[in-house]
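Colleague: These protein sequence lines are chains A, B, C and D, in that order.
Note that the first sequence covers residues 0 to 76 in numbering that gives the first Met the number 0.
Note that the second sequence covers residues 0 to 76 in numbering that gives the first Met the number 0.
Note that the third sequence covers residues 0 to 76 in numbering that gives the first Met the number 0.
Note that the fourth sequence covers residues 0 to 76 in numbering that gives the first Met the number 0.
No lab work stands behind these hints, which were simulated from the structure alone.
Given the structure is predicted, the values throughout are model-derived calculations rather than measurements.
Hints are not guaranteed to be accurate.
Any copy, or any two copies together, can satisfy a pair, since identical chains are not distinguished.
[What the hints assert, rightly or not] As a list, the in silico SDA-like pairs of lysine to any residue whose alpha-carbon atoms are at most 25 Å apart: (1) K10 with D47; (2) K10 with G49; (3) K10 with G32; (4) K10 with G29; (5) K10 with M0; (6) K10 with S34; (7) K10 with S53; (8) K40 with R2; (9) K10 with Q38.
Protein chains: 4
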Amino acid sequence: MPRVVVDVTLKSEILDPQGQAILSALTRLGYIGVSGVRQGKHFELDVDEGVDESMVARIAETLLANPVIEDFTLHWQ
Amino acid sequence: MPRVVVDVTLKSEILDPQGQAILSALTRLGYIGVSGVRQGKHFELDVDEGVDESMVARIAETLLANPVIEDFTLHWQ
Amino acid sequence: MPRVVVDVTLKSEILDPQGQAILSALTRLGYIGVSGVRQGKHFELDVDEGVDESMVARIAETLLANPVIEDFTLHWQ
Amino acid sequence: MPRVVVDVTLKSEILDPQGQAILSALTRLGYIGVSGVRQGKHFELDVDEGVDESMVARIAETLLANPVIEDFTLHWQ
Numbered sequence: 000m001p002r003v004v005v006d007v008t009l010k011s012e013i014l015d016p017q018g019q020a021i022l023s024a025l026t027r028l029g030y031i032g033v034s035g036v037r038q039g040k041h042f043e044l045d046v047d048e049g050v051d052e053s054m055v056a057r058i059a060e061t062l063l064a065n066p067v068i069e070d071f072t073l074h075w076q
Numbered sequence: 000m001p002r003v004v005v006d007v008t009l010k011s012e013i014l015d016p017q018g019q020a021i022l023s024a025l026t027r028l029g030y031i032g033v034s035g036v037r038q039g040k041h042f043e044l045d046v047d048e049g050v051d052e053s054m055v056a057r058i059a060e061t062l063l064a065n066p067v068i069e070d071f072t073l074h075w076q
Numbered sequence: 000m001p002r003v004v005v006d007v008t009l010k011s012e013i014l015d016p017q018g019q020a021i022l023s024a025l026t027r028l029g030y031i032g033v034s035g036v037r038q039g040k041h042f043e044l045d046v047d048e049g050v051d052e053s054m055v056a057r058i059a060e061t062l063l064a065n066p067v068i069e070d071f072t073l074h075w076q
Numbered sequence: 000m001p002r003v004v005v006d007v008t009l010k011s012e013i014l015d016p017q018g019q020a021i022l023s024a025l026t027r028l029g030y031i032g033v034s035g036v037r038q039g040k041h042f043e044l045d046v047d048e049g050v051d052e053s054m055v056a057r058i059a060e061t062l063l064a065n066p067v068i069e070d071f072t073l074h075w076q
């Protein structure tokens, strides 16, 4: 069965305090070499053969992401 | 600058009520052809050239996922 | 040890698609009498006696919430 | 209209890596006096007068929390 992944992230101009918290924690714990962290949501949908990208995009815009503050990407796995 | 993506999902044997809620909502809203939804977390890390997969895996196990209940995958973008 | 709870929600004028998904699922599953659902984040902090509300508010604004899109409330438990 | 709040947290014996990340970040940023952070989910439901606690508990167990790994509390606001 096909699986499609939808990843939702805050738009890049919107501050992500929890990503910032992870970045601070990395520094504190001695991890060197990470300069940015953004956190988002990840969805995996098992779909029938007939489901196409435009339908998944409509689902993402309606139920998974708020297009005003978030971007999403989708890819088939 | 390289970017690495870490996706964290509940292990498949652990019930995901919010994925279930999205699946019910899809049915209610008339979307046909989706048979399963799982929700997880998505992280994007901007890293230096010297950061390798094993270091990202250690970060994921320590700060991003709980290995007892969650799986993670990572890929370079 | 005192515990303080910080609850973070999207500002009321910002659409919450995942709250909407839960609301649709409730209807689909036959639950009657719920007219709105909003989803947010919940944090529990164990703090020393000397930690006061203004310090917790600074923590919330910096690490837990994005004041542009989210509101937070705090209360002692 | 009555509002009921459901807060969902990982059971106390289950490691919460993102709470740990916030705690590390607090130390790194110079905040003194916080000894523990747990992260959870927060839901606000607007309900009719006829909705009682047992119905909200059923909703929480079905759609908001996974009772195997999470606890929830509910209170009227």
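Colleague: Provide an ascending list of the numbers of those earlier hints which the structure does not satisfy.
Modeller: 2, 4
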